[in-house]
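Trainee: Chains as they are written, first to last, in the working numbering: chain C, 1 to 425; chain B, 1 to 425; chain H, 1 to 425.
Simulated from the structure, these hints should not be mistaken for laboratory data. Honestly, I wouldn't trust all of these hints.
Identical chains blur together in the list; that is why a pair holds if it fits in one copy or across any two.
PhoX-like cross-link-like pairs, simulated, lysine-lysine; straight-line CA separation at most 20 angstroms [as the list claims (entries may be wrong)]:
| # | residue 1 | residue 2 |
| --- | --- | --- |
| 1 | K130 | K18 |
| 2 | K335 | K65 |
| 3 | K18 | K136 |
| 4 | K41 | K153 |
Please read these numbers as outputs of a predicted model, since none were measured by experiment.
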Amino acid sequence: MHSLSDIQKLVSRRQKGKSLEAPFYSSPEILDLDIKEIFSKHWIFVAVEPELPEPGDCVTVEVDKTSVLLLRGDDMEIRAFHNVCRHRGAKLIDERATTIGNIVCRYHGWTYNEDGDLILAEHMGAGFDKSCHGLKTVHVRSIAGLIFICLAKDAPADIEEMARVMEPYLAPHDIANCKVAHTSELIEEGNWKLTMENNRECYHCDGNHPQLTVPLSAFGFGFSPDEMDQRRSEEVNKYLSAVHTDHTRWEACGLPSAESDHLSNITGFRTMRLPLMRAGESHTLDTKVASKKLLGQFTDAKLGGLSFWTHPNSWHHFMSDHIVTFSVLPLGPDKTLVRTTWLVHKNAHENEDYNLDNLTHVWNMTNVQDAELVRLAQIGSQQPAYEPGPYSTFTEPHVEAFCDWYIKRLDDHFATTQKAGIAAE
Amino acid sequence: MHSLSDIQKLVSRRQKGKSLEAPFYSSPEILDLDIKEIFSKHWIFVAVEPELPEPGDCVTVEVDKTSVLLLRGDDMEIRAFHNVCRHRGAKLIDERATTIGNIVCRYHGWTYNEDGDLILAEHMGAGFDKSCHGLKTVHVRSIAGLIFICLAKDAPADIEEMARVMEPYLAPHDIANCKVAHTSELIEEGNWKLTMENNRECYHCDGNHPQLTVPLSAFGFGFSPDEMDQRRSEEVNKYLSAVHTDHTRWEACGLPSAESDHLSNITGFRTMRLPLMRAGESHTLDTKVASKKLLGQFTDAKLGGLSFWTHPNSWHHFMSDHIVTFSVLPLGPDKTLVRTTWLVHKNAHENEDYNLDNLTHVWNMTNVQDAELVRLAQIGSQQPAYEPGPYSTFTEPHVEAFCDWYIKRLDDHFATTQKAGIAAE
Amino acid sequence: MHSLSDIQKLVSRRQKGKSLEAPFYSSPEILDLDIKEIFSKHWIFVAVEPELPEPGDCVTVEVDKTSVLLLRGDDMEIRAFHNVCRHRGAKLIDERATTIGNIVCRYHGWTYNEDGDLILAEHMGAGFDKSCHGLKTVHVRSIAGLIFICLAKDAPADIEEMARVMEPYLAPHDIANCKVAHTSELIEEGNWKLTMENNRECYHCDGNHPQLTVPLSAFGFGFSPDEMDQRRSEEVNKYLSAVHTDHTRWEACGLPSAESDHLSNITGFRTMRLPLMRAGESHTLDTKVASKKLLGQFTDAKLGGLSFWTHPNSWHHFMSDHIVTFSVLPLGPDKTLVRTTWLVHKNAHENEDYNLDNLTHVWNMTNVQDAELVRLAQIGSQQPAYEPGPYSTFTEPHVEAFCDWYIKRLDDHFATTQKAGIAAE
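Model the full structure from these sequences, guided by the hints.
Mentor: What follows is the structure in structure tokens.
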């Protein structure tokens, strides 16, 4: 049992540059706080627009105990509501995705329109005021087709900065004209922060991801200069010059490619476009495009891989031919859902333009490998002998950035609570 | 974590006419209190006499962690004991139902007779006093064959009022001469109170129970007068007059039929006999009797349906040809066991006098449909956006009566505790 | 929820001669204390040397959340380490048993040698000191091939007394030249103390273990003198004289056989060699040896059964032809792992010298029967009607000795804590 003051102590004594103390990965009370302060107050990534392309299309999202209903209206706008009836609280839509006219509660037939207004409730008598019983709304924001929601009353305003920076990177990949080719849901046996930490470095890639590393350079994700010899130095220089050449070419075609790091924002994010090796076209086993129908207006397949990482819960890889997008949601202190969605051009035909196994193989394998690493890190971190260990400043700076961001969020929360406490006196 | 004072606050601020606040449906501490104050201090329905017709027949009942052994003695009396050996505490009878001579513990052979006296215990030496190690007893009361137990030291005395009122209603259905045709155990993924609330209204029947509603009138369970038009008014009047005619006929045959409401008693209950529509004989898909062998001395099949509802955990439907009886037992804050037993005349032969599918179809389907509604209400009520919503005064008064009774029980408990506290000072 | 002061109260009011109060078998907080004070501070039995016969052989052991890695080095010594990487805490070896060169973490390749020294860690930069990041060690002690570990900083010194007393008993059975013929893992649905209590008496054997009792005398495990008649008295005398004859014969061959009881030591244990009935050779259904290849230098198969019981978590049976050894580890308040290992001579060939079914049948059946008794005792002990019952002084003195030892350990802990508290003032 960790009291709030225990947690505050753990937050304030966190050692920079090291992994977090064990309770951050296991305490039910810290998970409760993560839900309350991180997942309920920040913008979180939950879906892509191609999951609900038509009016009446509806997607539900479960963030801990909160179920949110995303609904595309007749005006093509996406609205978000708390997925709970105002009568006796029954969950309204139980499926992940469906298409509806109005929102009708199965229990007693209470009916809401696409604005969430209660329009029918039988047997409630003359004195009953329908206008007080509409659905409660949730903030929703689509950035170039990536749907973020925020459960707080006041959502962080710097989502606009993320939109402004990212839209030029993302727009050319034209998500609106994509379709979902495949979705996977994987439950990792570890704390959500271990899933995120695992995503924020490729130090572990060489030894664990034989498929993922096929088109990746060993130098793309940091290295220690102390371990350089003549041969490795030459390779590094060759790689850096290739990056420069590619960036220049891509920027000339209107594809922003330079690294842009905003990881310490409240709505923290980072992006960069990296060259792919070998055939250099896509994140597949043969490094060629998985889908013949290129995205947007692309005619050149060799556009490398644009990555987009967000705090607290997503990452995305955009290639010339397909997109892979990931959302992370905690299911318990040691259980985390990783939802992966593969998008291709909406006019690409399966078995003609793309083969599903080929499209999904690399990340299906990588996800399973990562789940195993997260499981081992989870078990290990719960052993009494565990103590926070050092991150490599060369290969794990973004892990540190994630932990730093996370600790800052909780620290700010405690500072605000304290100030409110003092003000109240 | 809800402390007793948190719970007391929740109890005292309960809004009349609305569903309960979320913790009542999910808090482990409130479930503990429910077990302690509701299920361990009130009369609860657990079995029917036809489950143990002969001497030596034994039925075990699990109420949370308490296992109770019901045993019919050679004198045909049913006795109830705590199902735990006085040596090292092993559970004595592990099956739901069996037939035994004496009660013998499997662990070390300690043996008790039908009065619960310890009659054999090897190796205990000369100084050991068997008479101090008999089984602990439990209150048990059969009302016309429906077996109620009470785990408290002092059981509520008003069980006698329930017996006095109900025996004339129940006796003609002659449970003693019934046999168990079928039993089902369904685990609902919801709090036991949601199971009970669901049972206490038929507002949800129209939209969810296509089988159950075949012989039911749309007006049998309340309606809003504000929604009446000419046509509906005529239908209502027709229905009320049919009820009057039937009640008159049934009372003339010695079948009490009028509604009798004692829902605010400590041992709260309510009964009424309702006409059935169409063929009007029984609760089956074709509304005809499921068993050709009518119960008791009945010769007329068209006796409608006598319903009997009890606080905190049962309901029962008696027709001319069969009985369906339900007990509800909490298994966890969001897990509830619904046990359904179908009784027919003991001389009715399966496949000759009755067909099991036909007998059980309506309630098997209805139970599954209700379980789904309870599940949706449970999930919904745990969402942060949930807030207590209004019950219809026309179609949900008995839901309100149940919540009211429940809140009153806890309120009385806190009042007694407080008084005891003050007296102790 | 049991606070430490609740537990202290329960410890101090324990009634001698009776089973423990219910919370000792169910409270998560008491299990936490058991882990902390019993399993993390005492010598516990975890494996046998034949599980890791060669250099590089490695066995992992899970004691609650602590994973320990046992590794036989090139010098044939067995070392024990905490099985957790010093980088980001990943569990190092995930299998129960494997053979390795160095210890390499799968996550980022950090590598440790057989002394636990960190010898490789890429990308950590020039300032990183490998010598501060070696594996943490665990105490390990082999007594004639039975491996005990202690997780405490300072391990109880009286392990040496156990070694001194037991080695002469155990050495002739020559565990070092045995091999593992079979292993079973059984999860019992009960508290670990109920598993131990069940092991510490044979009062329950007659009624529950038809296979185990074949070669056992009804008088080998105590009896009440008050229940003696002429015939039984004669049988007892016959049995005692047989024990005397056998002990004399065995001692003459260099096999210590007399009972030796040190159950109140911190490292508590007890041993004795008991005659086997009928063919008298081994613990099999036909009471003949299961393996034709006798252990050590034995030529006589009729050596009875040497039993060795230790606090808190093991028992072992040594015959002329095979050994069965048991370790008990808590998995939760009501879940316990019983690991059983059957050893035969390393040169015995399956299906030639021994048949696996015949070798394992008696204890496989006995384990399952005991698991069922433990389950019934667990459920029963959690019923509100349960109260501690009396142990037979004739047949259950070792159950009392176990409870007494256990309560003494917790009592000493509270006394030390209190003294430390007073000293600190």
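Trainee: Indicate, hint by hint, whether the structure satisfies it.
Mentor: Cross-check of the supplied hints:
no.: 1; hint: K130 - K18; result: between (54 angstroms within a copy, 15 angstroms between copies)
no.: 2; hint: K335 - K65; result: both (14 angstroms within a copy, 17 angstroms between copies)
no.: 3; hint: K18 - K136; result: between (41 angstroms within a copy, 18 angstroms between copies)
no.: 4; hint: K41 - K153; result: within (8 angstroms within a copy, 44 angstroms between copies)
The structure shown violates none of the earlier numbered hints.
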